[in-house]
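Colleague: Sequence:
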Amino acid sequence: MTTVPYRFDQTADAAEVVARWSGLAAGEESGDQVSVAGRIMLSRPQGRLAFAELRDSSGAVQLFALDGVTRDFDAFKRLRLGDWVGASGEVVRTRRGELSVKIADWVLLAEARRGFGDKWRGVTDVETRFRQREVDLWANAESRRTLLLRSQLVRRMRERLWDKGFVEVETPILHPIPGGAHARPFVTHFRALDMDVFLRIAPELYLKRLVVGGFEKVFEIGRLFRNEGLSPRHNPEFTTLELYQAYADYHDMMAIVEELVSGLALDILGTTSLTYQGRPLDLTPPWRRATLTELVASETGLDVSVHSPRDTLEKWARDAGVEVERSWGPGKLLLELYEKTTEGGLWDPVFVYDYPKEVSPLARVHRDDPMLAERFEQVVAGRELVNAFSELVDPDEQLVRFEEQAAARDAGDEDAMVVDTDYVRALQHGLPPTGGLGLGIDRLVMLFSDTAHIREVISFPMMRPERVEGATAEGEEGAGGDQGATPEEVATGAVDGAR
RNA sequence: GCGCCUCUAGCUCAAUGGCAGAGCAACGGACUCUUAAUCCGCAGGUUCGGGGUUCAAGUCCCCGGAGGCGCACCA
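The first sequence: position 342 = 371 (our numbering), numbered continuously.
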């Protein structure tokens with residue numbers, strides 16, 4: 030057993046050392062002492078000298094050890110890649126010009142009993158990268174950058190919303206009734222009340238209840254859970270911003286989205302001219318605004334609208350390859366036609382607005398067309414980033430819409446909503462005109478970090494569980510190696526720790 | 001769920017059906033200015049698992065597992 034200290038006094042991080050002594054000339058000694066800490070990422074023993082790259086979260090700095098100067102020099106030379114070390118000494122620049130800490134004293138802070146992969150190529154195996162994300166993060170700078178970008182983006186998002194007078198709130202994650210979206214929930218059981226509860230699929234209804242309660246500008250950033258498939262754009266738990274503003278409509282929500290997203294691009298990337306997956310992507314406002322109907326019409330060349338005869342819409346949808354269900358009305362058919370033919374081809378940001386009322390049970394009916402709702406989706410790079418409405422505020426109409434949903438559910442649509450009488454009662458207390466939006470933070474981070482897969486932007490994405498090896502009576506190990514790590518393998522480590 | 005592809009040393013990868021290999025890491029040694037240090041040496045394998053064909057299987061066939069990509073799902 031190696032005994033390591035309980036703490037270490039670090040006086041500077043690697044980036045500070047590199048920055049503060051950048052003026053030091055080759056071969057010069059500063060006379061200044063620092064204590065740094067981090068992992069040994071490269072090691073170049075050289076007889077009675079040794080060089081090592083120490084990396085911490087700020088960057089990297091070279092350690093320079095000398096026999097006769099560095100305490101326990103021989104042990105220092107034996108450090109392995111990945112070992113954590115705290116080291117103290119003078120800041121110098123070597124004769125060959127590398128800024129270094131010339132180590133007088135040092136201490137092992139943790140040994141790396143498992144390796145970190147090829148020191149040049151890192152770790153590329155997807156299984157290792159996401160099952161053992163800690164290895165990926167050390168081995169691959171790009172992975173660190175992406176998660177750091179995510180953190181900065183969420184921080185700036187909060188700051189921007191606070192600055193606009195929005196109040197950040199938290200609403201329940203355990204819901205007695207799943208609501209606020211068209212999706213299948215995860216179910217769990219609450220023992221004290223002997224009742225099933227659902228992990229939230231959306232915070233929408235609770236947030237609007239807070240508006241009823243007098244919070245005129247609220248937002249929540251948090252995790253949602255949907256019991257659906259995994260894909261490059263879908264993880265069962267994902268993070269959204271959801272925001273509500275009293276006295277506002279969906280046009281106001283467009284303005285908020287445009288300003289927020291383009292402003293975040295400037296904050297984080299310094300530009301609104303992005304490259305995503307090799308293609309230029311321009312987030313510079315103003316963004317295009319087009320109705321869903323006109324986009325579908327221009328894409329397909331069909332004289333289409335939610336008022337088209339249902340049979341005609343059904344034929345067009347079938348022609349486009351949609352597997353039509355009998356229960357669908359014209360609104361659902363139009364939406365399917367849009368998604369099949371149009372959505373994926375939208376690249377630069379577009380506000381796609383005026384959705385069929387039929388598929389928007391929480392959105393207010395359009396002020397000019399009773400078949401439509403005041404709803405938009407903001408689409409960029411072929412994906413939905415935002416979904417927003419002028420909120421439905423009328424309790425009687427909300428109840429009717431819920432009942433339509435419940436009927437659809439009885440007809441076999443398992444994702445359809447359930448009547449939420451608590452919510453209807455809340456609306457009876459009066460919800461003022463309100464605009465609301467939901468924005469997928471994971472997808473926004475993907476856009477900004479130029480990553481193609483949602484798991485790149487999630488610290489620990491959902492993976493199929495590792496297969497349990499040797500689940501027989503004696504529990505002997507299978508051939509899973511590092512992937513199917515048994516408790517015994519974990520305990521001993523892949524590499525013998527003798528040193 | 002469907003289709004295609006992949007799985008070899010700790011990592012990254014080789015191996016016309018014919019003795020399972022390299023680089024890096026690890027381990028032992030040399031080296032007082034290295035930068036993926038270099039040099040010498042040593043060790044490392046249930047080729048994902050099981051079955052089959054064959055004189056001979058990492059390679060071909062079947063079953064299973066894990067993963068990737070695409071589709072479907074995700075209004």
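The reader is advised that the hints may include incorrect statements.
As a list, the in silico DSSO-like pairs of lysine-lysine whose alpha-carbon atoms are at most 30 Å apart [said to hold, decoys possible]:
# : residue 1 : residue 2
1 : LYS106    : LYS193
2 : LYS148    : LYS106
3 : LYS344    : LYS369
Read the hints as simulated data drawn from the structure, not as lab findings.
Colleague: Does each hint fit the structure? Answer for all of them.
Modeller: Right, here's what the structure says about each hint:
no. : hint              : in the structure
1   : LYS106 <-> LYS193 : 56 Å, violated
2   : LYS148 <-> LYS106 : 18 Å, holds
3   : LYS344 <-> LYS369 : 14 Å, holds
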